[in-house]
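Q: The lines below spell out each chain.
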Amino acid sequence: MPDLKKFQELPVGGTVVWDQTVQPKTGGWRTGLKPTVDLSKCVNCLLCWVNCPDTAVLADKTTFKGFNYDYCKGCQLCAEVCPTDAIEMVDESEQVPALGRIGGEKYGNND
Amino acid sequence: METTIESPSVAKKKIRYHLLTGAEAAATAMQQVNPDVVSVYPITPQTPIIQTFSKYVANGKATTEIINVESEHSAMSAAVGAATAGARTMTATASQGLALMIEVVYIASSMRLPIVMAIGNRALSGPINIHCDHSDSMLARDSGAVQIFVENAQEAYDFMVMASRLAEHEKVLLPVMICQDGFTITHTAEPVLTLDDNIVKDFVGDYQIPYPLLNLDKVTTQGPFDMPDYYFEHKRQQQEAMEAFPDALEKITEEYAKITNRSYSALDTYKLNDAERAIVALGSTAGTVKDIVDDLREKGEKVGVLKIRSFRPFPDQKVREILSSLKSVAVFDRAMSFGSHGPLFSEVSRSLYGTDTKLSNYIYGLGGRDLFPKDIIKVFEELKQPSPQNDMNYIGLRS
Chain A
1 MPDLKKFQEL
11 PVGGTVVWDQ
21 TVQPKTGGWR
31 TGLKPTVDLS
41 KCVNCLLCWV
51 NCPDTAVLAD
61 KTTFKGFNYD
71 YCKGCQLCAE
81 VCPTDAIEMV
91 DESEQVPALG
101 RIGGEKYGNN
111 D
Chain Z
112 METTIESPSV
122 AKKKIRYHLL
132 TGAEAAATAM
142 QQVNPDVVSV
152 YPITPQTPII
162 QTFSKYVANG
172 KATTEIINVE
182 SEHSAMSAAV
192 GAATAGARTM
202 TATASQGLAL
212 MIEVVYIASS
222 MRLPIVMAIG
232 NRALSGPINI
242 HCDHSDSMLA
252 RDSGAVQIFV
262 ENAQEAYDFM
272 VMASRLAEHE
282 KVLLPVMICQ
292 DGFTITHTAE
302 PVLTLDDNIV
312 KDFVGDYQIP
322 YPLLNLDKVT
332 TQGPFDMPDY
342 YFEHKRQQQE
352 AMEAFPDALE
362 KITEEYAKIT
372 NRSYSALDTY
382 KLNDAERAIV
392 ALGSTAGTVK
402 DIVDDLREKG
412 EKVGVLKIRS
422 FRPFPDQKVR
432 EILSSLKSVA
442 VFDRAMSFGS
452 HGPLFSEVSR
462 SLYGTDTKLS
472 NYIYGLGGRD
482 LFPKDIIKVF
492 EELKQPSPQN
502 DMNYIGLRS
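Order-wise, the sequence lines are chains A and Z. Positions 1 to 111 (my numbering) are the ones given, in order, by the first sequence. Positions 112 to 510 (my numbering) are the ones given, in order, by the second sequence.
In short, the hints are calculated from the structure, not lab data. Careful, some of the hints might be misleading.
Unchecked claim - Quick list of the computed label-pair ranges, beta carbon to beta carbon: (1) A:GLU92 x Z:ASP328: 33 to 39 Å; (2) A:THR26 x Z:ASN170: 48 to 54 Å; (3) A:ASP85 x Z:THR332: 29 to 35 Å; (4) A:GLU9 x Z:GLU432: 53 to 59 Å; (5) Z:GLU176 x A:ASP54: 30 to 36 Å; (6) Z:ARG408 x A:VAL17: 53 to 59 Å.
Here a beta-carbon is modelled for each residue, glycine too, at the ideal position from N, C-alpha and C.
Please build the complete structure, drawing on both the sequences and the hints.
A: In structure tokens form, the structure reads like this:
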């Protein structure tokens, strides 16, 4: 354990400061299924973003962008809350496009 | 509260005393500090603190968000949330309320949240009892919160004004409990000197903590899980904070003295310079003992009082310097640590380790039992031939 800090070197109170900490890619815990999205069905309600227990749903202001698999645990909450069934869980081994966008042109502009 | 009386000795300076109970004095200080959030649940004898403060808020004299909660566990939890978010936060409680809060007090200390807690000391159940002793504060002894015991309503006011500054000091960042004896101080009206609202406002200043959770430019996670590789370091930091407190207290009380002419420190000595015998006590009892000391001094007896104001952190070096030259010392404890001596005795005993001063422990006043002048005179008499160190004495107990 080479780089463990001394008590004098740590922020007080156990506070974790974002840019001073290791950012482990916890998506490695994911088992079974991963989310994908058909953008033509997405209405940018961002319920998936609100409900994601991690930071795996990417959004730019009010526009849904896709999934960051580095942090997705495969919990399926996003697919469960999606009111338009735009999100589909697929097998972990399946090859999918960047950000999990498997289809559809968006009637809004997700780019 | 509306009543004011002119002090004959200082009338020329137009200083006005206000007739306030300790609870009202604390509430007045809270109104002037005007914290962002106060989360509360009523409990005797603390209730008049928050009741008076709520009236101030209702009348627009403070802009505080009062959060009425369903229990003290929730009061302290709400305080933790508010303080973490970046709000100057206070709460108040007593007895069972503090017992219910205690889990979250430990968390507030470990998260280094400068929450000010006004305490009206009251006995812990059981048997259920609403009157004063210090068992509630002593339950929080190891929680990591600073504990200041005040002697009267004036000190209650002054320390509630200073409490936010003490808690928020950059090297401290701990909850600060301002403990006043239930009923004896909380419900007893005394003349109190208060400051103007704007003077308090300037003295207290803006609330600043290093990592407010709602600062989205500096994103943080607060109160996370620690594995064995970091827990110990974070606990050591809490000791560091306590060790930094005496300096913070000295600086802030000096600054306060400049605007009030009232000086405070971690402890108070009374007629100890040439004393041979002394009583050590917390809170209002110290005031009672001072009166007896005056009487006995007139008869030529070399007696004095050491009042401990800062129980956590405990000023052990100062206690040693002051008491080690004395022949015998009685330590008054208004709480018990069953199976050991009283908690204050343990501290004083540790501070005096290896000195020749004879120490004895007196438990008194549990559940609000009165301490009479004759009891104190008897203790000073007994100090002439002190009992063995491991003796426990009980004042006013039928046996």
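Q: Against each hint, give a clear statement of whether it holds in the structure.
A: Taking the hints in turn, this is what the structure says about them:
| no. | hint | verdict |
| --- | --- | --- |
| 1 | A:GLU92 x Z:ASP328: 33 to 39 Å | 36 Å, holds |
| 2 | A:THR26 x Z:ASN170: 48 to 54 Å | 51 Å, holds |
| 3 | A:ASP85 x Z:THR332: 29 to 35 Å | 33 Å, holds |
| 4 | A:GLU9 x Z:GLU432: 53 to 59 Å | 34 Å, violated |
| 5 | Z:GLU176 x A:ASP54: 30 to 36 Å | 31 Å, holds |
| 6 | Z:ARG408 x A:VAL17: 53 to 59 Å | 58 Å, holds |
Hint 4 from the earlier list is the only one contradicted by this structure; the remaining hints agree with it.
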